[in-house]
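Listed in order, the protein sequences are those of chains A and B.
Offset between the first sequence (1-based) and our numbering: plus 16.
Offset between the second sequence (1-based) and our numbering: plus 7.
Since no wrong hints were added, every one of them can be taken at face value.
Ranges between beta-carbon positions, derived for each pair:
| # | chain 1 | residue 1 | chain 2 | residue 2 | range |
| --- | --- | --- | --- | --- | --- |
| 1 | A | Phe29 | B | Leu137 | 37 to 45 angstroms |
| 2 | B | Ser167 | A | Val141 | 19 to 27 angstroms |
| 3 | A | Ile39 | B | Gln202 | 18 to 26 angstroms |
Read the hints as simulated data drawn from the structure, not as lab findings.
For every residue, glycine included, the Cβ atom is placed at its ideal position computed from N, Cα and C.
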Amino acid sequence: MRNRTVPQPSMSFEYIMWMFTRISGLALLFLGAVSLVIALAMGARQLLDMPTLARWTFFPNPNHVVNSKIPDVTQGWANAYWQIMQIVIAFFGISHGFNGLRVIIEDYIGNTIWQPMLRGLLFLVWLFFLIMAVFVILAS
Amino acid sequence: MEVKVKILRFNPEADKRPHYQTFCVDAEPTDRVLDLLEKIKGYQDGSLAFRRSCAHGICGSDAMRINGMNRLACKTLVKDLGRGTIVVEPLLGLPLIKDLIVDMDPFFEHYESVMPYLVNDEPPPLKERLQSPEERARFDDTTKCILCAACTTACPSFWSNGRYVGPAAIVNAHRFIFDSRDRAAAERLRILSNQFGVYRCHTIFNCTLACPREIQITKAIGEVKKAIATGSLE
Ligand code: SF4
Ligand code: FES
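The shape of chain B in the complex, shown without the other chains:
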């Protein structure tokens, strides 16, 4: 079957502003949007720019707006998008570099600001820092993040104020705050209780809808708010 793919194009060297360009591609219903982009780039217009790496939904490179929703191009099947034209646009809220590529630096700066790594200065035990299955389960959901930025760039609070750390950073803080081996929860909670931390979240739930890993993001943010209020990491 033939599908129309309407892509928001932008070439910083030639264009003043982004514009749409429509391509007709021969596709199977089981093709992914990433396959369509590859076909366009390979056979119709080699200048089309987009990021991809794994093509299997685990590297987080190819988040983009597909029919208005943030999704991974490599996890979105043509048959799930209905019959009409497929509209593909870059993520919102981050500076546009070219075509579907946005500047991820602000996103990763927010990510780094919450100390997304294990902090524990106690001398390590002989073998390993033990953790029970229940303790591991406590933060299992937020370990699944692939840093695709679909959530943060779906968040109206982040669109209107880029200094908000954003849902992805909070998800990754949550992953360590509730890890029984970690010792820096208090420091992370302090960072997240500032003016651009968790209180910019107004429980809009766009992040939860956007996440390709189905992480319960708004719930995780709520748990961080609760930990700030009670000091309990249960």
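So that you can see chain A by itself, here it is in the shape it has in the complex:
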């Protein structure tokens, strides 16, 4: 059989977001695993209880571990690396969720003016959440 290929259709927004849903979902699991493994390597088994460790896994913020048995969180638990991790996790998590809401809007709202309006509103709320998240992470 002859190999048949087509030039890839120029990337449509739908296609990009469809890919993004899959990639961000996997990325969240991967980043969570990284936080978990590093926390365990830093002695989380002795220093943290289970809920605290779970919270750290998906949101590695020093505020989450400050009341644990860690003697000094500035030693490894609070630094720029974890801030970047948090921002990346927050970006993927928030965008993944808001993209889901966008899909629901497009599924249920057809031809009306409501669709662009709600999509615009959703975009603004998404932006607000992102900015707030970055602000909270950098300020804490």
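Assemble chain B with the ligands onto chain A, guided by the hints.
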């Protein structure tokens, strides 16, 4: 034996909204639901409206909801429907015209939008455009579609947003996208990657369950998504 057939009736000239009417029909277990409808129309109520043509499952005219599932009335036997009342309703998601007849125009507009015909501007060879049996087999499943609309009108994505092209249109695009003689795959993939194309499919599988031709519709939609992502028509 006697069966009760409960039909959702609607006469646009007299009724504000559809209502049920129950008929008692003398039937054999091997009768088809279409036979029951014919008996009702012929002997009890000539005003009952429904579409049919071939009566042999190939023209695709008589898709309707039978006991809540989209099926062809001419392929559904009474004995396969259990003992209770048989409920017959028009397809969902398309405008109701009368009784069991819905307006198929939106369905066919979506069908036409994916260019469901062979496109090849290369000069034809002396005899014919050759295709190997393997190349033909690649899209065999989707050639079986009879455009009955059972799949599209079983799809929750289509119910909630009628601009979605729907499974039937994608099945018929698939039939040409993977045809080695066709040259318009890229154009069809472009059409199907827009906001109301394949990404409105959330793999609910209602279409696959509904199809009277047993086409693996959700699989075909997945293959189109893959072709968009990779550009490969293998
Ligand atoms: S794919 Fe199956 S259910 Fe859909 S229109 Fe074709 S024959 Fe009917
Ligand atoms: S009447 Fe032709 S498919 Fe049923």
